[in-house]
Amino acid sequence: MSYQCPVCNKVSSSALDLSRHMIGRGDKVHRDWINSKGFKYSELLTLQFKSFGGEGYRALSEVLEKETKVKD
Amino acid sequence: MTTKFSVLGQRVHNIDGTEKVTGSAKYTFDVVLPNMLYGKILRSPHPHAKILKIDTRQAKKLIGVKAVVTGKDTLGHKQGIWRRFPELCDEEILCREKVRYIGDAVAAVAAIDEDTAEEALDLIDVEYDLLPAVFDPMEAIKEDAPQVHDGVELNINITRHIEWGDVDEAFKKCDHIREDQFKCSSQAHVCMETHDAVASFGHNGKLTVWTSTQSSYYIQRLLADMTDIRESDIRVINRHTGGGFGSKFELDSAQFCAAILSQKLCQPVKIVLSREEEFTATKRRTPMYYALKLGAKKDGTLLAKEARVITEGGAYTSMGATALYLTGFFSSFPYKYPNYRYDGYRVYTNTAPTSAMRGFGAPQSTFVGESQLDMMAEDLGIDPIEIRRKNGMTPNYEVPGQAFIQSCGLHQCLDKIDEHIKERGKLPPNHGIGVASYGFMSGGIFNWFNTPYAFSAAVVRINVDGKVDVYTGACDIGQGSNTTLAMICAEELGIKLEDVRVFSGDTGICPPDLGAWGSRQTLMSGNAVKRAAEDCKNQIMEFAAAKMGVNIVYDLDIKDSWIHIVARPERGVSYYDIVKEAIRGKDGVAIMGRGHYTPHRKGMISPAYSFGVQAVEVAVDIETGRYKLVYVTTAHESGTVINPVGIEGQLEGAIMMAGGYGYCEDQPMDDGKILNPSIADYKLIRSLDMPETKILEIDTYEPEGPFGAKEAGEGLTNPTAGAIGNAIYKAVGVRINDLPITPEKVFKALREKEKKKAK
Numbered sequence: 249m250s251y252q253c254p255v256c257n258k259v260s261s262s263a264l265d266l267s268r269h270m271i272g273r274g275d276k277v278h279r280d281w282i283n284s285k286g287f288k289y290s291e292l293l294t295l296q297f298k299s300f301g302g303e304g305y306r307a308l309s310e311v312l313e314k315e316t317k318v319k320d
Numbered sequence: 016m017t018t019k020f021s022v023l024g025q026r027v028h029n030i031d032g033t034e035k036v037t038g039s040a041k042y043t044f045d046v047v048l049p050n051m052l053y054g055k056i057l058r059s060p061h062p063h064a065k066i067l068k069i070d071t072r073q074a075k076k077l078i079g080v081k082a083v084v085t086g087k088d089t090l091g092h093k094q095g096i097w098r099r100f101p102e103l104c105d106e107e108i109l110c111r112e113k114v115r116y117i118g119d120a121v122a123a124v125a126a127i128d129e130d131t132a133e134e135a136l137d138l139i140d141v142e143y144d145l146l147p148a149v150f151d152p153m154e155a156i157k158e159d160a161p162q163v164h165d166g167v168e169l170n171i172n173i174t175r176h177i178e179w180g181d182v183d184e185a186f187k188k189c190d191h192i193r194e195d196q197f198k199c200s201s202q203a204h205v206c207m208e209t210h211d212a213v214a215s216f217g218h219n220g221k222l223t224v225w226t227s228t229q230s231s232y233y234i235q236r237l238l239a240d241m242t243d244i245r246e247s248d249i250r251v252i253n254r255h256t257g258g259g260f261g262s263k264f265e266l267d268s269a270q271f272c273a274a275i276l277s278q279k280l281c282q283p284v285k286i287v288l289s290r291e292e293e294f295t296a297t298k299r300r301t302p303m304y305y306a307l308k309l310g311a312k313k314d315g316t317l318l319a320k321e322a323r324v325i326t327e328g329g330a331y332t333s334m335g336a337t338a339l340y341l342t343g344f345f346s347s348f349p350y351k352y353p354n355y356r357y358d359g360y361r362v363y364t365n366t367a368p369t370s371a372m373r374g375f376g377a378p379q380s381t382f383v384g385e386s387q388l389d390m391m392a393e394d395l396g397i398d399p400i401e402i403r404r405k406n407g408m409t410p411n412y413e414v415p416g417q418a419f420i421q422s423c424g425l426h427q428c429l430d431k432i433d434e435h436i437k438e439r440g441k442l443p444p445n446h447g448i449g450v451a452s453y454g455f456m457s458g459g460i461f462n463w464f465n466t467p468y469a470f471s472a473a474v475v476r477i478n479v480d481g482k483v484d485v486y487t488g489a490c491d492i493g494q495g496s497n498t499t500l501a502m503i504c505a506e507e508l509g510i511k512l513e514d515v516r517v518f519s520g521d522t523g524i525c526p527p528d529l530g531a532w533g534s535r536q537t538l539m540s541g542n543a544v545k546r547a548a549e550d551c552k553n554q555i556m557e558f559a560a561a562k563m564g565v566n567i568v569y570d571l572d573i574k575d576s577w578i579h580i581v582a583r584p585e586r587g588v589s590y591y592d593i594v595k596e597a598i599r600g601k602d603g604v605a606i607m608g609r610g611h612y613t614p615h616r617k618g619m620i621s622p623a624y625s626f627g628v629q630a631v632e633v634a635v636d637i638e639t640g641r642y643k644l645v646y647v648t649t650a651h652e653s654g655t656v657i658n659p660v661g662i663e664g665q666l667e668g669a670i671m672m673a674g675g676y677g678y679c680e681d682q683p684m685d686d687g688k689i690l691n692p693s694i695a696d697y698k699l700i701r702s703l704d705m706p707e708t709k710i711l712e713i714d715t716y717e718p719e720g721p722f723g724a725k726e727a728g729e730g731l732t733n734p735t736a737g738a739i740g741n742a743i744y745k746a747v748g749v750r751i752n753d754l755p756i757t758p759e760k761v762f763k764a765l766r767e768k769e770k771k772k773a774k
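One line per chain: the protein sequences are A and B, in this order.
Going by this note's numbering, the first residue of the first sequence is number 249, and it counts up by one from there.
Going by this note's numbering, the first residue of the second sequence is number 16, and it counts up by one from there.
Treat the hints as calculated values from the structure; they're not laboratory data.
Worth double-checking, as some hints may not be accurate.
[Unchecked claim] Below 30 angstroms or equal to it, Euclidean Cα-Cα: the simulated BS3-like pairs (lysine-lysine) are: (1) A:Lys298 to B:Lys768; (2) A:Lys298 to B:Lys437; (3) A:Lys276 to B:Lys113.
[To be verified] Chain B is faced by these chain A residues, among others (derived, beta-carbon under 8 angstroms): (4) Arg268; (5) Gly272; (6) Gly274; (7) Lys276; (8) His278; (9) Arg279; (10) Phe300.
[As the list claims (entries may be wrong)] Here are some of the chain A residues that sit facing chain B, going by a computed Cβ distance under 10 angstroms: (11) Asn257; (12) Lys258; (13) Leu264; (14) Asp265; (15) Ile271; (16) Asp275; (17) Phe297; (18) Ser299; (19) Gly301; (20) Gly302; (21) Lys314.
Quick reminder that beta carbons are idealized off the backbone N, C-alpha and C, glycines included.
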């Protein structure tokens, strides 16, 4: 299974990887998409720095798991 | 030490050493041209402000002033060394609408002398509209923080992510996990020669710039970008440079302002930055907030590491984007982590831009990583050397998806340091020895500059008297690269070092080379020179074979200027005689060879890596917290040693610089203003503070390097801060996680320890 970025169509092998891509990319369009899902991009980033375990990535990946296109 | 070489491995003083010690070497500072004017730069006193108006009328009226320029006199282009990514080219140099740090340039003056130029600066009236500013990256990342660059939300300049393995799963399998936070401070380059330039724009439309730089080619290209003068109409000359350490391979205000003023006047203009400008208006080492999570099995096997970094970017991208990547990559060094994750964020702030500095992100990652590794070893009850031995990189190791390590002498280095520590025996009270391992690259496989040229190129010309001229775009910035390249050329041609002359760093006569950064010149420029010399050698051999009438099954070689049959060394001819005849036989054309080098299929980072282990012994005064660096021993491997004297120089310089980073150097600020912008206030390690040093060279051979050589310059700055921290812990049992480890911090930690003990 693969996951496609809803903004730039980059394909990732897992929702977690896609989440890392979207947060890491961090440009306006990616940020806007993340914010439109009820997150605060800056909070996800700060969370990434303040704690280990990728909570920021995980929270976003749960949404991506459901909402991004899944290819065979 | 191997003895198969004639020239390499000899203890050679720099080929320009006599010029330098007698004071006859001409630096940019010494360049004087007819009708030359002197320039000064007006800088922002505010960390963040809109420029409403710049009134230069009074300054222009001052007798002796020839020109005043502001951002409006420029083409308004933004420059940056990451040319492949236009959004990261964010620095105008002469600001037009907004200043972003105390020191940003707003105007420049050319006058008949420096005093007049300085006086004119006072007559320029700049009207600012002050804006709220942000200085700490942790504040700058908040949603309501002031925006340093319009449109860059949260002030996030760039992010980098590196990952391999399954980090989360691996942590579940660990017997012990540590989480620690660290803070790495800034550091100034403090080159003996400040940034300077003499620009001369002629009526023929050509610009010549003498400047103190680590890369003449970069400056040529960046000036072309900023002025729209064709690249080949710009000649950049770097004869001698009084130190660089990462501060001099980007276009700076002295170079740009001198060029703009000269272009306006068609007269030469010289600008030399003051020491205060050097501290406040040039770039500096990147401060970093580091958080590390490390997981291991009971036996010390490291299973997973996670690193998070936020760096203080300052006002512009600069080379900080590379530092952000390299600190993440070197955070995994020099160990075999099966699972690794790194997230780095570079954040704009209203402070002086941060950029490359010797070690390029690795001194930070090595300090934090080596500190935490010692803590892990203690938690597990394992000897610090043993945990490093257990996990250290070995030859032919692949860093997953990142790099391929060919030569690696880390384990031999650990053995040597282990022996050294044992030899030191029982230490006096409050003495401790700390160790730190490190690795570093031999040049970067990065082309963010977007050059169409080979990374290194060289031309070798053999003259009729057998003397050899090497033309290289590499820059000797005091590290002795001209000597290294001359030795490589002499070794390849089998001639005496005295027969080789090097012309370097002049874009008018030398082929392009990316310059002196990332410890690249020995390997990359060295390969180019070796190949150019080999090209010449092949031509000589053709003539020699014909002249000697040897059976074609015999191989010829040159050694000690004697061209001979390898199997019968006594049968040969003089190199000098053959060269004369060869040139005559080529219709009088000098023998010319060309060589170039660009790494291919060598991973993403570097074609080769050097390794080492350092042991630092400290003596701590438990009453005051003051401590002394007693002894620094470094086991280092850099492949084939070209010049032992050069390595010793690098080592001593590195200990001075890296010791300062660990011990005393810092750039405290108040609302964005650097508080110690002078040599008097900026604390460096001086000759009297230097510890006794010893280098234990480990013999390795790097297949990718010229004659097996690799990096020996920057890597040595990586371990010292970590080793100091570990040594202090060994000596008195306190751990300092933020640099520099000043006596004040040690004192406070000792008092805290006492309080806890009392409870």
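Unsatisfied constraints (hint numbers, rising): 2, 8, 11, 12 and 21
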